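Please put together the full structure from these sequences, using the hints given.
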Amino acid sequence: LLLAGLRPHLTLAEFDTHDIEAVDSAITQLTAEKLIPISIKLASAGFFPNNLTVLYLAPIVDESLLQLHRDINDTLEPLCTGFSPLYREENWVPHCTLALELTPESFAASCLNLADYFTPMEPMATHLSLIACCPFCEQKRYPLAGSDPLI
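Take any residue in the sequence shown, note its place counting from 1, add 882, and you have its number in the working numbering.
Because the hints were derived from the structure by calculation, they are not lab data. Predicted, not measured: the structure shown is a model, and the values here were computed from it. Please note that a few of the clues may not be correct.
To be verified - Once the Cα atoms are required to be at most 16 Å apart in a straight line, the calculated EDC-like pairs of lysine to aspartate or glutamate come out as: (1) Lys1022 to Asp906; (2) Lys916 to Asp953; (3) Lys923 to Glu1004; (4) Lys916 to Asp956; (5) Lys1022 to Glu903; (6) Lys923 to Glu945; (7) Lys923 to Asp944.
Said to hold, decoys possible - Quick list of the computed label-pair ranges, beta carbon to beta carbon: (8) Glu959 to Thr985: 35 to 43 Å; (9) Thr935 to Gln911: 33 to 41 Å; (10) Lys1022 to Pro986: 31 to 39 Å; (11) Ala991 to Pro1017: 18 to 26 Å; (12) Glu903 to Thr1001: 36 to 44 Å; (13) Thr1008 to Pro931: 31 to 39 Å; (14) Pro1002 to Glu903: 35 to 43 Å; (15) Val943 to Ile902: 23 to 31 Å; (16) Thr1008 to Ala925: 17 to 25 Å.
Note that beta-carbon positions come from the ideal geometry of N, C-alpha and C, so glycine has one too.
See the structure below:
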């Protein structure tokens, strides 16, 4: 991910839009007025059984993470089209992607390394990012209310 210019992150929504300015304005208002930094407890590592090219860290899902997800989705869904069902609350598998598009050999080696070196951690979520696809490219970062905008 770092090679693609992306920071480690949890994807909260995936969508298309014909009005990026409205999306930008809504996120700017939401992050300035309502959303505050939250602690994310990354407690385990995993992979998707139907996609053995991705490794991730999994957070403990608590009310603050669910509320962040709800706030984002409730704000963006009316402004967007093609809202991915994978990111609706009833389907969402929160995860912090470590690696994408691994070969079978690098997947196996990465799993072993992860098993040897991973320890649970508790980083703070201090910003939201709007990321375009594909290729992945961070369009804008939004500091959450009360966080340092320079981080």
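Each hint tested on the structure:
Between Lys1022 and Asp906, the direct Cα distance comes to roughly 9 Å. Compliance with the 16 Å bound is thereby established for this hinted pair. For the given pair, Lys916 sits about 9 Å from Asp953 by alpha-carbon distance, which is consistent with the 16 Å threshold. Taken as a hint, the Lys923 and Glu1004 pair is honoured in the structure, with Cα atoms around 4 Å apart against an allowance of 16 Å. About 13 Å separates the Cα atoms of Lys916 and Asp956, which keeps this hinted pair within 16 Å; it holds.
Distance restraint check for Lys1022 and Glu903: the Cα-Cα separation of roughly 12 Å lies within the 16 Å cut-off, and the hinted pair is therefore satisfied. A distance of roughly 12 Å separates the Cα atoms of Lys923 and Glu945; the hinted pair therefore holds under the 16 Å criterion. Distance hint between Lys923 and Asp944 is fulfilled; the C-alpha atoms sit about 9 Å from each other, no more than 16 Å. Between Glu959 and Thr985 the Cβ separation comes to about 36 Å, which falls inside the hinted range of 35 to 43 Å.
Checking the proposed 33 to 41 Å range against Thr935 and Gln911 shows it holds: the Cβ atoms sit about 37 Å from each other. Take Lys1022 and Pro986: their Cβ atoms lie about 36 Å apart, and the range 31 to 39 Å holds. Under the hint 18 to 26 Å, the C-beta atoms of Ala991 and Pro1017, about 25 Å apart, fit the expected range. Between Glu903 and Thr1001 the CB atoms are about 42 Å apart, so this pair conforms to the stated range of 36 to 44 Å.
For the pair Thr1008 and Pro931, the supplied restraint of 31 to 39 Å holds, since their beta-carbon distance comes to about 32 Å. About 40 Å separates the C-beta atoms of Pro1002 and Glu903, a value consistent with the hinted range of 35 to 43 Å. Remark: the range hint 23 to 31 Å for Val943 to Ile902 is upheld by a beta-carbon distance near 30 Å. For Thr1008 and Ala925, the Cβ-Cβ distance of about 20 Å falls inside the hinted range of 17 to 25 Å, so the restraint holds.
In terms of the numbered hints stated before, the structure departs from none.
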